[in-house]
Structure formats: structure tokens, C-alpha cells
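Chains as they are written, first to last, in our numbering: chain A, 153 to 452; chain B, 234 to 634.
For the record, the hints were derived by calculation from the structure and aren't laboratory data. A hint or two may mislead.
As the list claims (entries may be wrong) - Pair ranges (Cβ atoms, derived):
| no. | chain 1 | residue 1 | chain 2 | residue 2 | range |
| --- | --- | --- | --- | --- | --- |
| 1 | A | G213 | B | W249 | 30 to 36 Å |
| 2 | A | E286 | B | K523 | 54 to 60 Å |
| 3 | A | V419 | B | Y481 | 44 to 50 Å |
| 4 | A | Q347 | B | K523 | 38 to 44 Å |
| 5 | B | Y593 | A | L160 | 51 to 57 Å |
| 6 | A | F321 | B | E266 | 45 to 51 Å |
| 7 | A | S421 | B | L560 | 20 to 26 Å |
Only a predicted model underlies this, so the values are computations on that prediction, with no experimental measurement involved. Beta carbons are placed, not taken as given, at the ideal position from N, Cα and C, and that holds for glycine.
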Amino acid sequence: MDYFIELLFSGLTRGSIYALIALGYTMVYGIIGLINFAHGEIYMIGAFTAFIVATVLSIYGFPLLAIIVIAGVAAAVWSSAYGYTIEKIAYKPLRHAPRLSPLISAIGMSIFLQNYVLLAQTSDFLPFPALIPEFEFMEPVAHIVGSSDLVILITTTIVMLILTYIIKFTRVGKAMRATAQDRTMAMLVGINVNQIISATFIIGSALAAIGGLLIASHIGQINFYIGFIAGIKAFTAAVLGGIGSIPGAVLGSLVLGLTESFATGYVSSDYEDVFAFSLLVLILIFKPSGLLGKAETKKV
Amino acid sequence: MLLIKELKKALGVALWFVFLTFPIMVIKVDPIERIIRYRWENAAYVAIVTFTVYLVMSFIKLRKLRVTADKKESKPSRNVIHSILNNKKQLAVLSFMILAIALVFPHFFSVYQTNVMTTALMYVVLGLGLNIVVGMAGLLDLGFVAFYAVGAYSYALLNYHFGLGFWVVLPIGGALAAIFGIILGFPVLRLRGDYLAIVTLGFGEIIRLILENWGEFSQGPSGISNISRPGFFGMDFSLETSIMYMYYIMVIGVIVTIFIVNRLQDSRLGRAWIALREDEIACQAMGIDKRKTKLAAFSLGAFWAGLIGVVFAAKTTFINPASFTFLESAIILSIVVLGGMGSIIGVIIGAFILILMPEYLRALSEYRMLAFGGVMVAMMVFRPQGMIANIRRTYKFEKQK
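When you get a sec, could you build the whole thing from the sequences and use the hints?
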């Protein structure tokens with residue numbers, strides 16, 4: 153039973169990290185219909201920025217709490233800046249191009265960013281400082297649920313609540329939903345669509361950066377390649393839940409995280425990714441638009 | 234006035250990029266030795282480069298504006314290549330010349346160059362194969378490399394276990410890949426657009442992961458080595474001749490592929506694909522069997538990948554799952570899109586540029602993948618329809634005198 157609960161929590165932890173990244177995919181897809189392949193790289197850059205800032209601060213002898221806050225903010229700020237700039241350079245000129253062009257541009261951007269970090273930093277795995285302390289009150293259950301699992305779950309829940317608030321109740325959120333529904337109509341009612349698209353990229357990137365910080369601190373190491381697998385997994389999760397749907401992305405991520413965790417725990421860790429992708433294929437065969445996606449009916 | 238405004242803007246852009254690249258370009262930490270190095274010179278490089286690039290870009294934009302203002306009526310984009318393609322005589326001369334150069338190529342260049350050229354030719358065929366799926370039928374396939382892997386492994390395993398030769402396995406590899414194409418095709422028939430893309434991507438990853446983890450079957454990550462090179466009626470070749478032989482096999486392969494793909498494009502099936510790409514519903518209303526047409530596209534595209542997989546295994550004599558990653562699929566897809574989707578000549582040129590560019594940029598070896606990504610973005614931004622856009626077949630009605 154202990155083993156089951158351990159797997160359950162590790163699955164939830166994984167799932168909530170996927171969710172932070174998947175939200176970026178799904179929001180961007182909902183608004184401009186683009187698979188932002190460079191999103192995984194933004195997550196990686198967030199983790200790297202957090203790593204650099206945290207290490208510098210710890211060398212200068214800052215207290216742990218200050219390090220966590222400053223590194224988190226820095227990661228979010230720089231990731232958002234990257235997301236914003238990437239959109240302006242690689243996607244904005246292609247708004248009206250054939251559908252595949254922005255996708256290729258995104259793949260190119262992803263290759264570029266990976267190699268940029270590889271050249272500017274290093275190709276080695278770097279040890280990420282343990283930012284999340286071991287809590288004393290977690291001592292009795294520490295063999296089942298680690299402190300960082302708990303912190304990750306709580307942080308992601310808070311972030312999700314804030315995001316839900318932004319999207320449901322603020323002006324930006326309303327404008328985003330309007331743009332996602334119908335871009336031309338949104339323009340007609342006076343929404344600055346370009347600004348909204350930028351805002352979407354910024355919010356999505358900040359979420360990915362928080363995910364990057366949390367996972368890097370949880371696993372304890374990073375390198376330039378972590379964005380690729382995480383990106384593909386998160387994208388899988390977004391599609392699983394129905395791309396374009398925000399609750400769908402969260403649900404899909406949790407399902408994916410739990411599947412992976414249980415498959416690793418009970419079957420074999422070699423086939424972890426195979427299970428993830430097989431699950432995706434199976435769900436899409438029976439529910440072609442994902443778990444919560446709306447089946448699109450087209451009028452002729 | 235305008236100049237000062239532009240200069241100010243360029244300065245702003247440069248500052249923004251300095252800020253953007255600051256943590257990653259400037260700071261370098263060593264977490265074990267606990268040393269921080271500040272590389273301020275990098276910030277200066279970033280500033281200078283972005284400043285100039287922005288100025289050059291805005292200059293080009295300005296000139297473009299002036300030019301289009303000068304002559305409003307610009308001709309539809311038919312360039313030199315299209316005019317040659319439409320002129321039978323010129324086309325014949327040109328193809329003859331290219332063929333002649335291709336035939337004497339290995340006698341004038343080194344073995345290394347020949348080898349590189351063989352690789353480029355392989356990618357031409359791969360690109361043309363994917364072009365059937367993506368360019369003609371409009372089905373975005375991100376896991377094309379899976380079929381390539383199927384071909385390569387079928388040769389490697391059949392050769393390893395049963396000692397079968399290249400020429401025997403070539404059709405088997407192609408057929409196996411085509412069967413895999415149908416296996417993938419069935420479940421995804423109902424999916425549209427991006428869902429299709431991610432399922433094909435997942436399929437490609439599944440194949441690679443199975444090859445990596447099922448050690449008894451595929452020898453896992455260490456791969457299979459000592460695969461025999463293609464024979465020619467039982468003759469034994471030296472390494473150099475066999476590389477040349479491989480090259481000629483690929484030249485013939487490319488010619489055959491171009492011929493077949495060209496014929497396919499104008500066939501009933503090819504036109505059905507194009508109709509499917511343009512509008513699925515209208516296409517079905519015209520009485521085209523969507524299921525058959527899509528499956529045909531998947532299996533035919535996969536067939537070429539399987540053939541090239543066999544050639545790849547024979548050429549390198551060693552394969553392992555690391556050769557069949559998503560990056561490979563992305564490169565083949567880029568060949569198709571960069572060249573111009575649906576346009577055969579475009580795909581050929583795209584393959585040569587994308588495969589030869591990293592080879593000849595090897596001098597800048599560290600930076601070549603960086604440049605590769607950058608060029609992909611730039612290409613899409615400035616010419617999203619690809620280098621040689623596919624021109625639709627149109628009927629012209631001429632006035633009778």
C-alpha cells in the first residue's frame with residue numbers, strides 16, 4: 153500500500169509539472185493555432201536562469217528563502233522575455249503564412265535555442281542546488297512522500313488558481329478567451345490582438361519557468377537537452393486533454409503523470425515513454441479530439 | 234529624421250537583446266568550485282550583432298517599400314526555374330547536364346565528397362517520400378523516421394540472422410515499411426491536423442524506444458554492426474569502389490524516384506491526394522474514397538523511407554537507435570517545407586541545401602547546428618512558401634482568332 157501511495161504521489165508530482173508546461177502549449181494553440189515547439193526550450197531556459205541566479209546568490213551567501221524567491225522571479229522574467237521575443241521574431245511575421253510554416257519555424261527556433269545554451273554554457277549535466285528544504289514535519293512519511301513533492305503540488309495548485317482567476321475574471325483573460333474564440337471578431341470589438349498574443353506567450357512562458365525551477369530542484373540536475381523530452385511529454389499531455397482547453401491540459405497532464413508513474417513502478421522503467429505515447433494513441437483513437445476537447449463539427 | 238529614428242530603435246533592440254541574453258551569455262558559474270565568471274565581452278558581441286542586423290533589416294524593408302511603390306503591378310512569382318521547367322527543350326538540356334555531372338562526380342572528387350553526396354541523394358529520396366504524405370496529401374507526419382528505421386533494421390536483422398543480401402532485402406524493407414505505414418494509417422484516419430502530427434510523432438518515438446529497450450530483438454542501444462555492403466553479382470569491392478558503387482545506386486535510385494513521383498503527381502491518385510489536402514469534405518463529395526487515398530499516401534511515403542533505410546544500413550554498415558531520433562524527422566520535414574511543399578524540384582534543392590550546408594559548415598563545427606536552426610527560422614520568415622513554390626496546374630483558355 154505504501155508503494156502504491158508513493159507511486160501515486162510521484163505521478164501527481166510529475167503530472168503537475170507537465171501541467172505547468174502543457175498550459176503554455178494549450179494557451180498558445182488556443183489563440184493562434186500553433187504548436188509552439190520552442191516551448192520546451194523556454195522551460196529549459198527558465199531552469200537554466202534559475203540555476204545561474206541561485207548559484208550566484210548562494211556563492212554570495214544569500215539566505216535560502218531569498219535565493220528561492222529571487223531565482224523564481226528571475227526565471228519567470230527571463231523566460232517570459234524569451235517567449236515574447238520568440239513570438240515577435242519567429243511567429244508574428246508568419247500569421248498569414250501556410251499552416252506548416254510557423255511549425256517549421258518553431259522547430260528551427262527550438263534547435264537554435266538548444267544550441268545557443270549548449271554553446272554559451274555547457275553540454276554537461278550541472279548539479280542544481282537543492283532549493284526546497286526537507287521539512288521536519290514530513291519526517292514520518294518521508295519514505296513515501298518527499299518534501300519537494302509536497303512543495304511542487306502546493307505551488308502548482310496555487311499557480312493554477314491564479315491562472316484560473318486571470319483567465320476567468322481579468323480584462324486580459326476575457327480578451328484572451330475572446331481572441332481564442334474568434335480573432336477577427338475580437339479585433340472588431342476593439343481588442344488589440346497582437347498584445348493579447350504577446351500576453352499569452354508571456355504567461356505561458358512564466359508558467360514553464362516555474363515548472364523548470366521546480367523540476368530542476370526536484371531532480372537535482374539540468375542540461376541543455378531537458379527541454380526536448382519535457383516539451384514533447386507536455387505537448388502529449390495537452391493533446392491528451394484536448395488541445396486548446398485549459399482544464400483539459402491539467403487533466404491530461406495528471407493522467408499522463410500517473411500512467412507513467414504506475415507503469416514505471418509496476419511494469420518496467422525502460423518502457424516509461426512507450427506507455428505514455430501508447431496511452432496517447434489509444435485515447436485519440438477512441439476520442440479523436442482528446443479528453444475534454446470539443447469535437448468540431450464543420451458546416452459545409 | 235528617419236535615420237535617427239531607426240538608429241534609436243536599433244539601439245533599443247540591441248539593449249533588449251543584451252538584457253535577454255545576459256544570464257546565459259554573460260554569467261558562467263561553476264557550482265562545484267563555486268566560481269563565477271563574468272564574460273562581458275559576450276554582451277558587447279550581442280549588442281553589436283543585433284544592432285547591425287536590425288539596421289540592415291530595416292534598410293531592406295525600406296527599399297522593398299520603395300520598389301513596390303514604384304511598380305505596383307508585379308508579376309506573379311514565376312522565376313527562372315519555373316520557366317525552365319515549362320520549356321521542354323531547356324529542361325532536357327538541363328537534366329542531361331546534371332546527369333552528366335552526377336555521373337562523373339566521384340571521379341573528380343574525393344571519397345569523402347562522394348560519401349557526402351550519397352547522403353544528400355538519400356535525403357532527396359526521403360524528402361520526396363515525405364512529400365507524398367505532407368506535400369501532396371497534406372497529412373502532417375512528424376514520425377517519418379520510424380519507417381526509415383523499419384527499413385534499416387529489417388536489412389540489419391535479416392542480414393545478421395539469415396545472411397540475406399542487399400538486393401534481396403531492398404524490396405522486403407520497402408514492403409515492411411509500407412505495411413507499417415498502413416498500421417499507423419488505420420488508427421489515425423479519423424484524426425485531423427495537429428492530432429495527427431502528435432500521434433505520428435508518438436509512433437516514431439515508440440518505434441525508437443522499442444528498438445532501444447528490446448535488447449534480444451535489436452541488440453539495444455549498442456546497435457548492430459558489420460552489416461554487409463551491397464554486392465554486385467558476387468563480386469568483392471574494396472572500400473573505395475563500394476562507396477562509389479553506393480553512390481551510383483543512389484543516383485539511379487533518385488532518377489527512378491523522381492520519375493515515379495512525377496508520374497504519381499499527375500495520376501488519378503495524385504490528384505485525389507491534392508483534392509484531399511485542399512478540402513476533405515468536398516473531396517469526399519466528389520466520390521473519392523478518403524480511407525483508401527490516405528492509406529495509399531501513408532504506405533507509399535513509408536515505402537520510400539523503408540528503401541532508403543535499407544540503403545542507409547548498407548552504407549554505414551552499423552546502425553543503432555540513436556540514428557532515428559525526432560531530429561531526423563524534423564530535418565526531413567524541413568527539407569520538404571523549405572524546398573516548397575508539393576514541388577518536386579523544390580524538395581530536391583531543399584535536400585541538397587539542408588544536408589550539404591552542415592557538412593560544409595563543419596569548419597564552424599560548433600556553430601553549425603545553431604546556424605541550421607537560425608536559417609530554418611529565417612527561411613520561413615522571409616519565404617514561407619518555400620524556395621520553389623509549387624505552381625498549380627491551371628487550364629488556360631485562349632481566345633480564338
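Here's how the hints hold up against the structure:
Taking the beta carbon of each, A/G213 and B/W249 are about 32 Å apart, inside 30 to 36 Å as hinted. Separated by about 58 Å at the C-beta atoms, A/E286 and B/K523 satisfy the suggested range of 54 to 60 Å. Taking 44 to 50 Å as the suggested C-beta distance range, the pair A/V419 and B/Y481 conforms, at roughly 48 Å. Against the hinted window of 38 to 44 Å, the Cβ-Cβ separation of A/Q347 and B/K523 comes to about 41 Å, which satisfies the hint.
In this structure the hint that B/Y593 and A/L160 lie 51 to 57 Å apart at CB holds, the actual value being about 54 Å. At roughly 49 Å, the beta-carbon separation of A/F321 and B/E266 lies within the given 45 to 51 Å, and the hint holds. Here the CB-CB span from A/S421 to B/L560 is close to 24 Å, well matched to the stated 20 to 26 Å.
Every hint from the earlier list agrees with this structure, and none is contradicted.
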